[in-house]
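Undergrad: Counting in this note's numbering, the sequence shown runs from -15 upward without gaps.
Be careful, since some hints might not be right.
Capping the alpha-carbon separation at 16 Å, the derived lysine to aspartate or glutamate pairs in EDC-like fashion look like this [unchecked claim]: (1) 230 / 118; (2) 169 / 153; (3) 194 / 108.
Just so you know, the hints here were simulated from the structure itself, not pulled from any lab data.
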Amino acid sequence: MRFLLMRASRRGFVLRKELSASESAIPLIIYDGGEVGVGDYVDALWTDPPRAHDGWGVSDSSEVSQVAADLLQRELMFVQAAQRSGLAALPSVQRKLRSIREEFAVRQLRQMEAVEKATVSSEEVEEFYEDHEDIFRRPEDLFLVEVLVETSAEADSLLVLIEQGESLESLAQKHTIRAEQLWEKPGTVTLSDQERLAHPKFYHAAAQAKDGEVVGPVEVDGGFSVLKVVGRSGGEVLPLGDVERKARALAGRQKREQLFDQLVEALMDRYEDRIIIYPAQLEAALPDSFLERLQSEVLPIGSDPADS
């Protein structure tokens, strides 16, 4: 690393063509079963010429360590796995392993630039806010009369009594089994944002009901409900100025996820006919979770080389 920094100090960057064969082979990263030389690292840096010309990756030892890890970590896992499994002995695999260094470096560079540094404009924040108004609503309190009974048949019988002239209020006072902590008085319930989290089925059913309309039977936690919404408060969309920080954070996260998805799709397309996974060899060389991710999300699964 000291040699690399000394060479970079002359004019702020390093060119591969100016390195001798012995200098290019100086180990920069040593790992179980192999090493990555200075020349390989310089090649990876120059996949982004403007940044490499500005001295990216060679300003100090800390930056060299960080950039090297970002650019080459994934490739080293492939190389190390191939060596442990015996896969690297195959000439065709050796060529494929050599070919992926630059491609994974490009992906890391693009991710750092396009994904991790993604910013959103004021217009994008406003668009996200308008498209996701429900996220920015003030919590709604619901006021209702409700009878909770154990079975659907009991709830149906209550509806018959209501059709015959009984009031829901009187039936609620006589028959509800709803826990008293939700009562204003027997059968009269207020649902706030806290109840939305504690009793989601009940809150959702009440929120969907029209004011003044008897609804039921609705299956909720604890039984079957017959209810009527008699009032609401809150629920309005908060002004953008009050929630701009939240909207900007959420819009930025959405944009980063979209950009990352695009990068993954491009990577899958790029490698579809170039890299093959041999499950029999890699099964012992890679953790199951990493192997599954490679097989399902990144690289197509090929046949065992022993079959060819």
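Undergrad: None of the hints should be skipped; say for each whether it holds.
TA: Tested hints:
1. Only pairs whose Cα atoms come within 16 Å are accepted, and residue 230 paired with residue 118 is accepted, the gap being roughly 13 Å.
2. A C-alpha spacing of about 10 Å is found between residue 169 and residue 153, which places the hinted pair at or below 16 Å, so the restraint holds.
3. Note on residue 194 and residue 108: the hinted pairing is violated, with a Cα-Cα distance of about 35 Å set against a maximum of 16 Å.
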